[in-house]
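**Q** Turn these sequences into a full structure, and let the hints guide you.
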Amino acid sequence: MSGTADQMVTKTDTALNTPKPPRRAGLLTRHGTLIAFAVLLVVNVVLTPNFLAMQTLYINLTQVATIAIVALGMTLVIASGGIDLSVGSVMALSGALAPLIFLSGFATAHPAIGLAAAFIVPVAVAALCGLFNGWLVSRYGVQPIVATLILFISGRGIAQVLTNGNLQTFSNPGFSFIATGRLLGLPVQAWLCLALAAGAWFLVRRTLFGRYLLAVGGNERAARLAGVPVRRVKLVVYSLCAALAGIAGLIVSAINSASDANQAGLLMELDAIAAAVVGGTLLTGGKAPVFNVIIGALIIQLVRYTLLANGVPDAVALIAKAGIIIAAVYLQQNRRD
Amino acid sequence: MAATSATADTAAPAPLLSMRGIRKSFAGIPAIADGTLEIAPGEVHALIGQNGAGKSSMIKVLNGAYRRDEGEILFAGQPVSFTSPHDAQLGGISTIFQEVNLVGYRSVAENICLGHEPKRWGMIDWKAANARAREVLARFEIDIDVTRPLRHYNIALQQMVAIARAVSFDARLVIMDEPTSSLDDNETEVLFRVINNLKASGVSVLYVSHHLDELFRICDSVTIMRDGRTIARHRMSEVTKLGLIAAMLGRDASELESAGLTGFSRAARAPGAEVVRTDGLGAGTRLKSADLAVREGEIVGLAGLLGSGRTEILRALFGLDAHERGSIHIAGGEINEADPRLAIAAGFALCPEDRKIDGIVPGLSVRENLTLALLPRLARRGVLPEGEERKLVESYIGRLGIKTADMDQPIRELSGGNQQKVLLARWMAMQPKLLMLDEPTRGIDVGAKHEIQTLIRQLADRGLAVLMVSSEFEELVEGGDRVIVVHEGRTVEELDGDGLSEDALLRAVAIEVPPAGEARA
Chain W
2 MSGTADQMVT KTDTALNTPK PPRRAGLLTR HGTLIAFAVL LVVNVVLTPN
52 FLAMQTLYIN LTQVATIAIV ALGMTLVIAS GGIDLSVGSV MALSGALAPL
102 IFLSGFATAH PAIGLAAAFI VPVAVAALCG LFNGWLVSRY GVQPIVATLI
152 LFISGRGIAQ VLTNGNLQTF SNPGFSFIAT GRLLGLPVQA WLCLALAAGA
202 WFLVRRTLFG RYLLAVGGNE RAARLAGVPV RRVKLVVYSL CAALAGIAGL
252 IVSAINSASD ANQAGLLMEL DAIAAAVVGG TLLTGGKAPV FNVIIGALII
302 QLVRYTLLAN GVPDAVALIA KAGIIIAAVY LQQNRRD
Chain H
240 MAATSATADT AAPAPLLSMR GIRKSFAGIP AIADGTLEIA PGEVHALIGQ
290 NGAGKSSMIK VLNGAYRRDE GEILFAGQPV SFTSPHDAQL GGISTIFQEV
340 NLVGYRSVAE NICLGHEPKR WGMIDWKAAN ARAREVLARF EIDIDVTRPL
390 RHYNIALQQM VAIARAVSFD ARLVIMDEPT SSLDDNETEV LFRVINNLKA
440 SGVSVLYVSH HLDELFRICD SVTIMRDGRT IARHRMSEVT KLGLIAAMLG
490 RDASELESAG LTGFSRAARA PGAEVVRTDG LGAGTRLKSA DLAVREGEIV
540 GLAGLLGSGR TEILRALFGL DAHERGSIHI AGGEINEADP RLAIAAGFAL
590 CPEDRKIDGI VPGLSVRENL TLALLPRLAR RGVLPEGEER KLVESYIGRL
640 GIKTADMDQP IRELSGGNQQ KVLLARWMAM QPKLLMLDEP TRGIDVGAKH
690 EIQTLIRQLA DRGLAVLMVS SEFEELVEGG DRVIVVHEGR TVEELDGDGL
740 SEDALLRAVA IEVPPAGEAR A
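So the protein sequences, as listed, match chains W and H. Just so you know, we're using the numbering used here here: the first sequence kicks off at 2 and counts up by one. Just so you know, we're using the numbering used here here: the second sequence kicks off at 240 and counts up by one.
One should not assume that every hint holds.
Distance windows between CB atoms, simulated [unchecked claim]: (1) W:Ile60 x H:Arg306: 48 to 54 Å; (2) H:Arg306 x W:Gly324: 30 to 36 Å; (3) W:Val44 x H:Pro388: 47 to 53 Å.
If you want the footprint, here are the derived chain H segments under chain W, 3+ residues with CB under 8 Å [what the hints assert, rightly or not]: (4) 577 to 584; (5) 619 to 633.
Rather than coming from a laboratory, the hints here were simulated on the basis of the structure. Keep in mind the model is a prediction, meaning the values are calculated, not measured. By construction, the Cβ of each residue, glycine as well, lies at the ideal position given by its N, Cα and C atoms.
**A** In structure tokens, the structure reads:
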């Protein structure tokens, strides 16, 4: 290839045409999330007793999976230029629906069908909730924060009505497998989370929909002029986000062997947004760093664990979480030109 | 030293500003290699050059936005080194930016007094603030209600307010970077009057613009930069437009003269079949009734004042505004529904006027921007074949000479001309039948402008129908095979052949508009 020399020339030209500070940001800004995670790990190895035990890994992965799964959906919505406050309520709703289904008379008669329905129906209902959000946002131009506030409030209400506000306890090994089962020594939900993350990564990086998503979030007007089906993209992305929240809701119910409409998914929207931000998602849209968001969720989980394992009260842990978010936002400010 | 002519004609008055031997590099790449700039008191001085010639870096070095590597700056005889544009403002140099950067929701008075509000017992003295705002604006013969929010007024007035604010800091030098880019002809006249008032009160103006015609109207002298160096300083009376373009490009004036000022040339062949025709097309309040037809292989220009409905014709054709009246006929029938996706399916393409707002997705790469419209055709079952995409993008970057580090560079880092090339490539890849262009060369430097014009002609010669809105008569006359004049939402006249000249166009466009001489102060 004789193109190398030409490319060199072009490079210099461009630099002359747009004189601005070099594009490459510092190591800290580019890999801030990963570095922070590594630092946390090292700190824990030194400070926290028994940190390297398999049990520690198991506990953390069990707990982080739900945050990470919800954060994945949140990342996609944020990348489209929106936000979804309803994820916690949708979790409560799907978590409440599942036991209602497999405890019903029909399911006790046909356990296999009942179990399948207990997985499928709640997630489908969750996706419908997302479709409603997307419909408000794309059809009527309601601001996402307002549109999703509706289900943030009413979603949990519906879940409470369905369960009469009671804790539903159950014992169903088939259903609980998604939260208490193990595959190759690791919790099932961790594998599930990894698979979903890989799917999300593929969606964003390799598919038509992913490119449309980033274009809509990056400049909606330009996307429309280029023929991007903006409304459809928004409908799909809110549905995806809610469906992921629905899956997380099932996991939470399965962990507890009980559905608790009052507590399940409480404040989850904030954890998910925090994980997305710590992972480097721009709240203005147009960016979906899927794997960094998973690391972001891990960081949040690990900080909480570190503080608890070292006897720091939960209230202080909340303050530490805020500190991480501030640091992430600071790094993001630097990342932008 | 390249800037030898600088000393010859400025001997008489001591210059207000003198920048010499300025150097500035970014990561070892020089943005300014040797910059010289001298401005006399009460002079309107132009600074011109292609994008990347170092103009904006010079301004930023002057107002303290950048720290210079070498060189000296004398302002009013004193060596200065401003640390920020605000610092420069306090020192007597105010900068008016391309986009009005004031607070739209606050009142005019608040905006003018922002940062130096008159105070009384620790509270803002609104009466005094309003009075001061009125007084400052009166200097420019502007009489408006200063208590209304700024955004209530049009962009031209907002810009006047920005200038008034700048001058209220007792500026002795006002820097204007492309001040007319968002103004229509009448508003530009008002701005020119303001500049003349500034000049009369002894304030100097540094005027940066791609519109060379403007320079001859209001500037006294000009500095030309190329490749980071100041190459000449002239009095405006000594130079011609052709000479300036040749100097900026570093080419021979006679060579340019034979080729024409724009990159356009006449059509190579007779136009073919009709691609689109509208009958009484109307949308909203601004587009009342448009009748036009565009055929294969021809460039049809749309001329008219700002707000005449030129852009609205393109918007209605592309399905961005619902057309409520009339009809759009294409080869196989009619378009009845307003949806850009239908228009694209019918073979329409639109390069919008405001690239940043309607054209590029700034955070995405050159590659992702270039293929955005083409994606559905590239995708196999929703999955994008990356190798194929890269090959395609590579070929367009080569064909159009798009200057980018690599195809994964964010498009926002490219110059305006290169961004426009990417947008053109976006539609070329679709192989459209009708290409609609809204101000295709606005804000683009001379070199890239020429290339884009040449490209448009080539596309038309290969059979593409082009419908082009432009405010530059030169572009319409040299580029258009026919020009349709739009006035108050209606197509009123069509010029072609010998009847198509800048004079004829000016007369046709300016119906009911006071002649330019009257508007001048």
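**Q** Are any of the numbered hints broken by this structure? If so, which, sorted upward?
**A** none
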